[in-house]
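Student: Sequence:
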Amino acid sequence: MYLFDASALVNMVKKGRVRPLARGATIELALYESLNAVWKEYKLLGRIDEETALELVDVISSVFNVIEVLSVKGLEKGIFELAARDGLTVYDASYLYVAMKNGYILVTDDRELRNRASRYVETVSSSELANKY
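All residue numbers for the sequence shown refer to my numbering, where the first residue is 1 and numbers rise by one.
Hint data in this document are derived by calculation from the structure and do not stem from the laboratory.
Where a beta carbon is used, it is the ideal one built from N, C-alpha and C, also for glycine.
Where hints are given, some of them may not hold.
Only pairs whose alpha carbons sit at most 25 Å apart, straight line, appear in this in silico DMTMM-like list of lysine to aspartate or glutamate [said to hold, decoys possible]:
{"hint": "1", "residue 1": "Lys43", "residue 2": "Glu68"}
{"hint": "2", "residue 1": "Lys14", "residue 2": "Glu81"}
{"hint": "3", "residue 1": "Lys132", "residue 2": "Glu81"}
{"hint": "4", "residue 1": "Lys14", "residue 2": "Asp109"}
{"hint": "5", "residue 1": "Lys101", "residue 2": "Glu112"}
{"hint": "6", "residue 1": "Lys40", "residue 2": "Glu81"}
{"hint": "7", "residue 1": "Lys14", "residue 2": "Glu51"}
{"hint": "8", "residue 1": "Lys77", "residue 2": "Glu41"}
{"hint": "9", "residue 1": "Lys77", "residue 2": "Glu128"}
{"hint": "10", "residue 1": "Lys101", "residue 2": "Asp58"}
{"hint": "11", "residue 1": "Lys15", "residue 2": "Glu41"}
{"hint": "12", "residue 1": "Lys77", "residue 2": "Asp49"}
{"hint": "13", "residue 1": "Lys43", "residue 2": "Asp110"}
{"hint": "14", "residue 1": "Lys43", "residue 2": "Glu28"}
{"hint": "15", "residue 1": "Lys15", "residue 2": "Asp86"}
Estimated spans, in silico, between C-beta atoms of each pair [claimed, not checked]:
{"hint": "16", "residue 1": "Lys73", "residue 2": "Ser127", "range": "18 to 24 Å"}
{"hint": "17", "residue 1": "Phe80", "residue 2": "Thr52", "range": "18 to 24 Å"}
{"hint": "18", "residue 1": "Gly74", "residue 2": "Arg23", "range": "21 to 27 Å"}
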């Protein structure tokens, strides 16, 4: 099973490669991080127009109606300890901790997270995973 972080999720949606998402899970935080990534591309970077941004929001919302969304409630101490020990943000540590706890393959397009996570779990990028489907 795969655990998708927001970077992978957004990139798969942007490329129209959502099929692999049905074989995985994510955490609650990913919804907000995904929406923030769309906002950043629209408002701060000007890479997409408002119509495209809203279309991406719709697709991301639809994905979250299908993908399994895992809670991190009750895992706060372990997540914090992992973040502190490995120099990760609490956000990144949340994905890694859940992947470790559940034995999932972490799908991320964040190079730094992937490098650090690979010491604990198997990792793949969204492009690598999409090429399998």
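Student: List in ascending order the numbers of the hints, as given earlier, that are violated by the structure.
Tutor: Numbers 1, 2, 3, 6, 8, 9, 10, 12, 15, 16, 17 - these are the hints that the structure violates, sorted from lowest upward.
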